[in-house]
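Heads up: the protein sequence lines correspond to chains A, B and C, in order. Going by this note's numbering, the first residue of the first sequence is number 370, and it counts up by one from there. Going by this note's numbering, the first residue of the second sequence is number 5, and it counts up by one from there. Going by this note's numbering, the first residue of the third sequence is number 148, and it counts up by one from there.
Keep in mind that the hints were calculated from the coordinates and are not lab data. Just so you know, not all the hints are guaranteed correct.
DSSO-like mimics (lysine-lysine), calculated; alpha carbons at most 30 Å apart, straight line [to be verified]: (1) A:457 / A:682; (2) C:385 / B:157; (3) B:157 / A:375; (4) C:385 / A:1177.
Given the structure is predicted, the values throughout are model-derived calculations rather than measurements.
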Amino acid sequence: MSDHVKGFRHTAEGLPLTHVVGTSVDKIDGYSLVSGAPVYTDDIAAREFPHRLHGKILGSPIPQGMITSIDTSSAEELPGVHLVLTFKNTPRTFYTTAGQGWPEPSPYDNQMFTERVRFVGDRVAAVFADTVEAAEEALHRIKVTYQEEPAVLDASDAMKPGAPLVHPENPKGAYDPAHNVAAHVDVAVGDVDAALAASEVTIAETFETHYAQHVPMETHTSLAYVDDTGKLTIVSSTQVPWHVRRIVSRILGMPMSKLRVIKPRIGGGFGAKQEILIDDLVAYAALRTGLPCEIELTRKEEFIASRTRHPMKIDMSIGCDTAGHFKALKMYVLSNTGAYGSHSLTVMSNTGSKTLPLYNKANDVRFYGDAVYTNLPVPGAYRGYGATQGYAALETTIDDLAAKLHMDPIELRTMNMIQVGEGSPIFEALGEGRQGVAQTIKSSSLPELLALGAQAIGWQEKRGKRARVGHKVRGVGMSMHMQGSGIPLIDMGAASMKLNEDGTYFLAVGATDIGTGSDTILTQMAAEILGVSADMISTLSSDTDLTPFDVGAYASSTTFVSGGAVVKAAKAIRNQIFSVAAEVLGEELDPMLVMSDPKVEGDNDQPDPILSFYRMDDGYVVSVRSGRRVSVSEIAYRAYYEVGQHQIASTQSFVSPYSPPPFAAHFAEVEVDDLTGKVTVVNYVAAVDCGVSINPNLVRGQVVGAVANGIGFALTEEYHFSARGAMTNPSLFDYKILSRRDMPPVQVIVVDNYEPTGPLGAKSVAEIGINGPIPAIGNAIFDATGVRLHRSPYTPERVLNALREAQK
Amino acid sequence: MRISITVNGAQCALDVDPGDVLLDVLRGADYLEVKGTCHAGDCGACTVLVDGHPVASCLTLAARVDGHSVTTVRGIGDGTHPHPLQKAFVENGAAQCGYCIPGAIVSAKALLDENPEPTEDEVRLAMDANYCRCTGYEQQIEAVLDAAEQLRKEGHR
Amino acid sequence: MGRIVEYYRAGSIEDAVRTAQRLGPSAAYVGGGVELVLRRNPEISTLIDLSQCGLGEILEVQGGILIGSQVTLAAMSKSALLKHYAGGSLALWSGRIAQNNLRNMITVGGSIGRNQPWNDLVPHLIALGAEVRYFDGAEHQTPLVSYIGAKCARAVIESVVLPSVNRNARGFMWRFTRTQQDISVLHCSALIDTAGNRVAKANIVFAGRPGHAVLYPQLGQELVDRCSSHDAFEGLAKTAQQLVDVGADHRATAEYRRELVRAAIVSLGEWMTGDEQ
C-alpha cells in the first residue's frame, strides 16, 4: 500500500492486510467540529448554565515577596460578587499542579493560595461573580500590600550562594530548595570524562533554548457544578481528567465518589493542559457557593500564568575517533523551571533519555542536570517534553562535529545510530524521574528515512553549495530524532467494549482526545479487530464516571497504550462472540481459547490461536472449519434474550514494559538574507517512522502541526521580559506564531513499519515532529553561511549579529 | 439599544449595549459556533461574515452591524447538510481540535464566493487571520482547493 | 473599556462634527471599529458612527482619485481605479497588510485618525503625495504629511485624494515584519517618477518605529537627476542610515532598525533597476 499526494508520501509495503487500520477514515467528531457545534467547555457552560458565576484571578504585580495584608471587603461588597478567595479562606494542602501518574514525580510546591508570591502573575486571589465585568471590577477593589524581596530572574544565578530563595518553605519532593534546585539527575554509564580525554576527536558546545508557549486556540477553561445528586462535576479542557480528579480530591479532601470529571471537546493542549491550573478553583467555588462556576483564562493569562516550555542551557560534549565512531557522550542540563517545579524532574530526564540512546555506539555516557527555581513564569509539559531542547543541543553539536571531521552529517549519524536488535544502557538507567526500563529496538525505518529525506530535499545537489542570489544565500541542514510511546510500566490505559443487539458496538475509553483524533483511531483499532467499518462503533471517552481509567493524553501514549487496551477489549468481546457462534453452529471451541488473556504483542508473527477456528467478517462470524456463517446480531439477540443469557462485554487494560521509539529524520532548506539576517525556510522535509499508521491523514496532521509549531519556536516565538521578570508580549499580537502565509511547504514522508510490541503494529507520532526545526534549520543556516547559532530563536537580529561577528 | 440583524438568514432583534461587540452578542444569543480566544483581533477564531465579508467579531461593535446580515459557519452548513467546504475539511483531516475551524471556514467561504478558482497563495492570503495551532495549515489549504474544485463541478457558488 | 452609553449614527459629517463638539472628549468617531479595542479610553462614553455619512466610495475627481475615509483596506485592494494608480502599489499592499478579517474593518480614515502601530497605510499614502480633506465646521484640504503632524481632534476626515500628477509614477513599499501577519519593525515607502532613465521626482518615507511615518525630502533629493545605479543607492543608504529616526522596543533595537534602513534602500534600488529578489 502506498499513497503519494502533493506534500505527502505514505509507504506501507509488506505489512499485513487490514481493512480499517491504515485508511484515512473521517474523524468521528469531524462534522460536529466543522459546523461549530457547542462542544467545548465554555459552549457547554453558556448553554447549560447561563446564570453561572464567572471567576477571575488576581495576579501578583511583583516577582517575589510576601503578602503583608490583603483586604477583600470592598470587593465582597460589590453587587454581583459571590465569593472572594485568598490564602485566608482556602484549603492549605500542598500539591503539584502537574497532572502526572502516581506517585507524583513533581514537588509539592503549590498551594491554592499562599502568602508568598513567586512571579509576576502568580495567584493572589480569585473572585466569583455574576458577570465577568463584576469579577474584574472586584479584582481592582482587592487591596493588597506586599513586602517585596529580591528576585532571581536568571537560571544561571539560581544556585549561586546567597541567591534569593523561591521556595524557602522547603517543599516535599524538591531536591535542594535551599539552593533553588527543584530537581536533579545524574546518570552515568562508564567513565565519560576518561573516555572524552582518551578520544581522538572531541567537541564541546553549549546551546540555550528559550521560553515559549503552547498557544492552544482554546485557553484553559473549567466549569464546576454540584449536580442533583450532590456530586461535584467538573467539565474541563484538560488532557488528564483522572489526574484532575485525583488532585482536586486531595486538595479539597473530598472522596472521589463525590467527584466527576468530564472532558468535552478540547481546543488544543500540546501539554499545557496536562496541568491542574483552575479546576481546583472552580470546584472549590462551586462547593462554597452551590452555584455553577466557570473560569476561562484570557489569552494574556494563558501566556503569563499557565505553562510554558522549560528554557534550558545544555552543555554537550562528544568524543569519537578520527573515523567518527562515537566513544563518549556527555550532556549537562540547566533547566529553568520558573516559580514552581511542575514537570521539572521528568522533562529534564527526557532531555537525556529520549536523545542519547539514539547514538548507542558510545560506551561511556553521562547525563546530569539541575532544574532550578526562578521568579519567572512556570514551565511544564510541552510537546517534545525536554527532548526538543535536548535535540537542539545534540543535533547541532553533531553537525559541528561532522564539519570538524570533514564528514557528511548523514554519514556520521548513520554510523552511530541505534539499529534494530540493539538497546542502550540509558534506557535502563534513566526513566521518567526514576530508573528506566531496558529496551531493545524492534522496528526502525531510520535508514529509509535518511535516504528518502535526503533525496526529497536535494541533499547531494545543494549541500555545501551556498547558492547565492544577490544578498540571499541558501543552505540545507538535517537532524535525526526518536521519542517514546508512553512511559513503560507507568502509563496505563483501559477500555470497555460491549456488543449491541444489531451487531453494532459501544466503546468507552479513558483516553483523552484533545483534537489529535484519538477517539477516531481507537475506534479504527476496535473496528479492525471486530471486522466492521468504523461507523459500526460508537465511542465515548474521558468521563471519570462513565469510562474506565486512563492516565491521559501525554507522553505520546494514547495510540500505543490506550490503543493496546482497545485492542485487548475488542479481542475479548470478539472471543465471547466466537463462543456463542460455536454454540449456534454446534461446533466445539476450547473455552481456554475464549478465556485466555487477549494480547497486543507479536500479533503479526503469532496471530491469536482462536483465529484458526473463527474469524470476523463484516458483521458475521465465519467458521474456518465449516465455512458456515452466523451474523453477530443473531449472536447478540441469542445471548441477550434467548439462550444462556449474558452480557457480551469486556473491560481491559494495557500497560507495557516497552516504549518503542518512533524515529524521524528532518531536512530543512533555508535562505538567509545577509542584509537583514532573516531566515526563510524554503522547504522542509519530515520523514517519520511511527510503526503502522492507523490513520495516514491524522499522522500527516500530527507531523505538519508539530513541524509548524517547531518552526515558530525556532524562528519567531519568544517571551520578552521586563527587568522585573514580567512578560512584556503576552498577546498573539506580539508573540508571533506562524500564520498561514508564513508556513513553508512541508513534505511528510511516512515509512510504515510493523512494531511488534504495539497495537496493530503502531507506535506514537504526536511529539517527535517538534524536535526537528531548531537543529535542522540551525544546521541549514550553518551550511549556508558557516555561522553557528547556539541560541534559539534564530531571530533576524540575532542572525545578523552573528553574521557580522563572523565577518570581523 | 435594540438592533435588528439577519443571522444566517433569520431576522433577529437583539437588545445590546452600545459598547457590546458582536462576538459576545452572538454567543449570548446562543450562536455558540462563534468561538473567541483573544478578544483582540489577533487570532481569527471569531471571524464571521458581515454582508459576505469576513470581520473579527470580537472587534466589531454589534451596533455597527444593525441592519446588516451576519453569517456564521452554521449558516453555511451543518452536520446533516454540510457545505462542500465543511466536507472537504473533514475528508482532508483538516480539523484537529476544531477551535479555529468556524472562523477558517467562513473566511474560505468569502474567498470562494468572490474567486471560485483561487491559487494556493490566494487561499493563504484570504485566510491569513485564521491561526491554527494543530494542523500546520497544509491540509486546510488543500481542503479549500478541493472544495473550490467541487463547487466548480457542481456549478454553484 | 470605558462604559459606552450611547451609540450615535451621524447622518452627515456636519451632524457628526456638531455632536462631537458638543460632547467634547467623551465622544469618539467610529469607522471600522478596530481602534476601539486597541485604544480603550475610559473617558469615552459616546460613539459617533460615520458609516452613514456617505464616505465609503473611491471616485475619480478633479485633480485625482478620492478615497472616502470609510473605505476599507479590502475595498482599496479590489479597486480598479487604484490598480491603475502609481503602478497599483496601494491596491496591492492594501490587500496584504494586516489580516483578512481586519482588512474588511480597517478604514483609511481610522488609519489616519488613529495612526495605530500596525499602520503601513499612512506612510505609503504620504509617499504617494496624498492630501486629506477634513471637516471641522469648515472644509479643509491639506497634505497628509502635514495633517499627521498637526491633526485636529474633533475633525472628521472625509477622504484622501491621490493627486493625478503622480498617477504615472510608481509606488514602492518595503516592510520588515517578524511574521507575515505582523506590524512593521521598519517600514519604507517611496514614490518614484522617472523621465527616461533619470529620476525626476522621489518621495521617500520611513516609519522607523511603529506608527511614526516621516517623509525625508533630503533622501528624495539625493535620487533626483541621478541614474539608478548601484553607487547611487549605496550613497543613499548611507545618508538614510544617518537620517532616519529609528526607535527601539522589544521587537528590535535601534541599531538593528538602522541596518534595516539600509536593507530597505537596497531593496528600493533592486526594484528600480529591475534586480528584485
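Structure-based check of each hint:
no.: 1; hint: A:457 / A:682; in the structure: violated, 39 Å
no.: 2; hint: C:385 / B:157; in the structure: violated, 57 Å
no.: 3; hint: B:157 / A:375; in the structure: holds, 21 Å
no.: 4; hint: C:385 / A:1177; in the structure: holds, 20 Å
Violated hints, listed in ascending order, are 1 and 2; each of the other numbered hints is respected by the structure.
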